[in-house]
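Chains as they are written, first to last, in this note's numbering: chain A, 1 to 209; chain B, 210 to 471.
If you are wondering where the hints come from, they were derived from the structure by calculation, not from laboratory data. Cβ coordinates follow ideal geometry from the N, Cα and C atoms, glycine included. Do not take every clue at face value.
Stated by the list, open to error - Computed footprint of chain B on chain A, listed as stretches where at least three residues anywhere in the stretch have a Cβ under 8 Å from a Cβ of chain B:
#1 29–41
#2 139–152
#3 155–162
#4 176–187
Said to hold, decoys possible - For lysine-lysine, the following PhoX-like pairs were computed, each having C-alpha atoms within a straight-line distance of at most 25 Å:
#5 LYS207(A) x LYS101(A)
#6 LYS101(A) x LYS357(B)
#7 LYS462(B) x LYS108(A)
What the hints assert, rightly or not - Distance windows between CB atoms, simulated:
#8 TRP41(A) x ALA242(B): 29 to 35 Å
#9 TRP41(A) x ASP291(B): 22 to 28 Å
#10 THR250(B) x TRP20(A): 55 to 61 Å
#11 ALA13(A) x ASP331(B): 49 to 55 Å
#12 ALA85(A) x LEU435(B): 34 to 40 Å
#13 PHE43(A) x ASP291(B): 50 to 56 Å
#14 LEU140(A) x PRO438(B): 51 to 57 Å
#15 ALA13(A) x LEU435(B): 39 to 45 Å
#16 TYR455(B) x ALA23(A): 18 to 24 Å
#17 GLY445(B) x LEU73(A): 51 to 57 Å
#18 TRP20(A) x GLY301(B): 31 to 37 Å
#19 HIS464(B) x ALA85(A): 52 to 58 Å
#20 ALA448(B) x PHE43(A): 32 to 38 Å
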Amino acid sequence: MSSHEAVVRITDAEERIVHWVLAASCLFCLFTGLGLQFQAWDFIPIILGGYYATKLMHIYSGIVFAGMLLYALYIWKKDCTFEEADLQWVLKAGGYLWPVKDLPPVYKYNAGQKAFFWILIVCGAIIVVSGFVMWLWNPLSVPAIIARLSYMAHAGAVVLLVAFIVVHIYLGTIGNPGTASAMFSGEVTRSWCKTHCPRWLEDREKKEA
Amino acid sequence: MKTHEYVKLIDLSRCTACRGCQVACKQWNEMPASKTRQHGTYQNPQDLEWNTWTLIRFQEHVDKEGTLRWLFRKDGCMHCTDAACVKSCPTGALHYTELGTVSLNQDACIGCKACVAACPFDIPRYNEANEKVYKCDLCYTRLMAGEKPACVLSCPTGALTIGEKDAMIKKAYDRVKELGGDANVYGDKFVKSTHVIYVLTEKPEVYDELPTNPSVPFSVILWKNLFKPFTLIGLGAVAGMAGLHYLIKGPHKIHEEKEGGQ
Numbered sequence: 001m002s003s004h005e006a007v008v009r010i011t012d013a014e015e016r017i018v019h020w021v022l023a024a025s026c027l028f029c030l031f032t033g034l035g036l037q038f039q040a041w042d043f044i045p046i047i048l049g050g051y052y053a054t055k056l057m058h059i060y061s062g063i064v065f066a067g068m069l070l071y072a073l074y075i076w077k078k079d080c081t082f083e084e085a086d087l088q089w090v091l092k093a094g095g096y097l098w099p100v101k102d103l104p105p106v107y108k109y110n111a112g113q114k115a116f117f118w119i120l121i122v123c124g125a126i127i128v129v130s131g132f133v134m135w136l137w138n139p140l141s142v143p144a145i146i147a148r149l150s151y152m153a154h155a156g157a158v159v160l161l162v163a164f165i166v167v168h169i170y171l172g173t174i175g176n177p178g179t180a181s182a183m184f185s186g187e188v189t190r191s192w193c194k195t196h197c198p199r200w201l202e203d204r205e206k207k208e209a
Numbered sequence: 210m211k212t213h214e215y216v217k218l219i220d221l222s223r224c225t226a227c228r229g230c231q232v233a234c235k236q237w238n239e240m241p242a243s244k245t246r247q248h249g250t251y252q253n254p255q256d257l258e259w260n261t262w263t264l265i266r267f268q269e270h271v272d273k274e275g276t277l278r279w280l281f282r283k284d285g286c287m288h289c290t291d292a293a294c295v296k297s298c299p300t301g302a303l304h305y306t307e308l309g310t311v312s313l314n315q316d317a318c319i320g321c322k323a324c325v326a327a328c329p330f331d332i333p334r335y336n337e338a339n340e341k342v343y344k345c346d347l348c349y350t351r352l353m354a355g356e357k358p359a360c361v362l363s364c365p366t367g368a369l370t371i372g373e374k375d376a377m378i379k380k381a382y383d384r385v386k387e388l389g390g391d392a393n394v395y396g397d398k399f400v401k402s403t404h405v406i407y408v409l410t411e412k413p414e415v416y417d418e419l420p421t422n423p424s425v426p427f428s429v430i431l432w433k434n435l436f437k438p439f440t441l442i443g444l445g446a447v448a449g450m451a452g453l454h455y456l457i458k459g460p461h462k463i464h465e466e467k468e469g470g471q
């Protein structure tokens with residue numbers, strides 16, 4: 001009987017590939033971007049073969065990031081649409097900060113995960129659009145103010161996104177033991193599902209029955 | 210350490226727009242000429258280019274009495290003390306020299322165009338063919354050899370002179386006093402003083418393409434003074450908070466599965 005299986009498949013291969021290509025391109029962009037931002041960290045352009053090579057890698061990795069961002073929006077936007085119960089979840093901080101009773105049962109993703117997804121989409125979109133302007137703007141036809149705002153917005157959106165990525169990594173690994181396997185093998189334990197996505201598990205087992 | 214701090218003075222009241230400086234600049238820096246078109250003005254080319262680091266602007270100006278006057282202005286890098294281009298350059302290609310001027314190490318330029326966007330005077334020019342930026346370096350090598358910049362050497366009227374900063378600023382104010390009227394000194398009152406200073410015969414707002422109150426753009430300050438450090442401060446702060454959460458609250462526990470499901 002499926003309802004008694006010890007592990008549940010929670011992500012498919014497509015989701016895991018999109019997640020990891022997005023993550024790798026994002027982190028490589030961050031790495032090269034830090035090298036281009038902080039002259040004190042010139043070990044980054046040095047190991048990558050110079051500043052010009054670092055710029056090119058940053059751009060190419062950024063193109064992969066842009067494509068994967070769109071793919072992520074396509075496959076996860078439905079799972080990450082907010083619902084009314086999410087407000088209650090947010091008001092109780094998901095039970096992460098103080099003891100909480102009657103947390104509204106979560107479907108696939110909780111309000112925090114959904115919020116991270118939309119911050120990624122919005123910051124990512126700002127970074128991608130401003131990045132394309134910085135790369136391709138022609139000073140003869142584009143007003144300097146557009147370019148100026150792009151360089152600024154690019155750096156500003158990164159500040160926010162980087163902070164949330166740290167939270168994402170923490171909560172996806174040691175902050176929630178048993179979670180990380182969702183993005184490796186794609187499987188989590190049934191008891192993990194009962195804690196983190198009870199309504200989704202119920203639905204799934206009903207369908208399978 | 211600045212051994213000498215030089216200032217180039219452009220006294221527009223003495224400029225006859227012979228464009229000797231424009232030619233001398235090209236010749237000394239071995240910059241090719243561009244094919245240009247007649248646009249009904251002696252201003253040629255129409256704007257600064259990657260291969261044109263200085264340009265005489267020809268402006269037809271009608272003054273308050275209705276008299277048509279011709280204004281000439283030698284445009285080019287102002288060599289700011291607080292330079293937006295240096296601040297925005299990721300590689301250090303743009304840098305301050307020991308003379309107070311701003312030089313550009315072409316080999317280190319990666320063509321990111323951040324300086325082109327940042328410059329309040331709209332000076333750096335991007336060459337798409339080799340993805341490099343170009344601008345005047347106030348003839349750094351000539352200055353270091355004790356020579357005048359090519360433009361100053363070529364000037365037949367004394368409109369262009371160069372010397373120690375304090376002496377040149379005093380010279381500019383003396384000249385303004387002599388000229389009277391709307392004449393004024395332009396350059397010593399913003400971006401912590403430029404190393405190219407004008408004696409303008411008209412108020413700054415009269416001149417085309419001349420900002421009245423230039424400064425390092427706010428967007429550049431926000432980017433470099435706030436966002437840049439906060440990339441790391443934010444990352445560190447959030448990582449620290451996550452660590453504290455782990456130590457104080459501990460990892461999130463999974464509810465024990467009860468026998469028989471819900």
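Taking the hints in turn, this is what the structure says about them:
{"no.": "1", "hint": "29–41", "in the structure": "holds (count 5)"}
{"no.": "2", "hint": "139–152", "in the structure": "holds (count 8)"}
{"no.": "3", "hint": "155–162", "in the structure": "holds (count 6)"}
{"no.": "4", "hint": "176–187", "in the structure": "holds (count 3)"}
{"no.": "5", "hint": "LYS207(A) x LYS101(A)", "in the structure": "violated, 29 Å"}
{"no.": "6", "hint": "LYS101(A) x LYS357(B)", "in the structure": "violated, 80 Å"}
{"no.": "7", "hint": "LYS462(B) x LYS108(A)", "in the structure": "holds, 18 Å"}
{"no.": "8", "hint": "TRP41(A) x ALA242(B): 29 to 35 Å", "in the structure": "violated, 42 Å"}
{"no.": "9", "hint": "TRP41(A) x ASP291(B): 22 to 28 Å", "in the structure": "holds, 24 Å"}
{"no.": "10", "hint": "THR250(B) x TRP20(A): 55 to 61 Å", "in the structure": "holds, 59 Å"}
{"no.": "11", "hint": "ALA13(A) x ASP331(B): 49 to 55 Å", "in the structure": "holds, 52 Å"}
{"no.": "12", "hint": "ALA85(A) x LEU435(B): 34 to 40 Å", "in the structure": "holds, 37 Å"}
{"no.": "13", "hint": "PHE43(A) x ASP291(B): 50 to 56 Å", "in the structure": "violated, 29 Å"}
{"no.": "14", "hint": "LEU140(A) x PRO438(B): 51 to 57 Å", "in the structure": "violated, 33 Å"}
{"no.": "15", "hint": "ALA13(A) x LEU435(B): 39 to 45 Å", "in the structure": "holds, 41 Å"}
{"no.": "16", "hint": "TYR455(B) x ALA23(A): 18 to 24 Å", "in the structure": "holds, 21 Å"}
{"no.": "17", "hint": "GLY445(B) x LEU73(A): 51 to 57 Å", "in the structure": "violated, 30 Å"}
{"no.": "18", "hint": "TRP20(A) x GLY301(B): 31 to 37 Å", "in the structure": "holds, 35 Å"}
{"no.": "19", "hint": "HIS464(B) x ALA85(A): 52 to 58 Å", "in the structure": "violated, 18 Å"}
{"no.": "20", "hint": "ALA448(B) x PHE43(A): 32 to 38 Å", "in the structure": "violated, 21 Å"}
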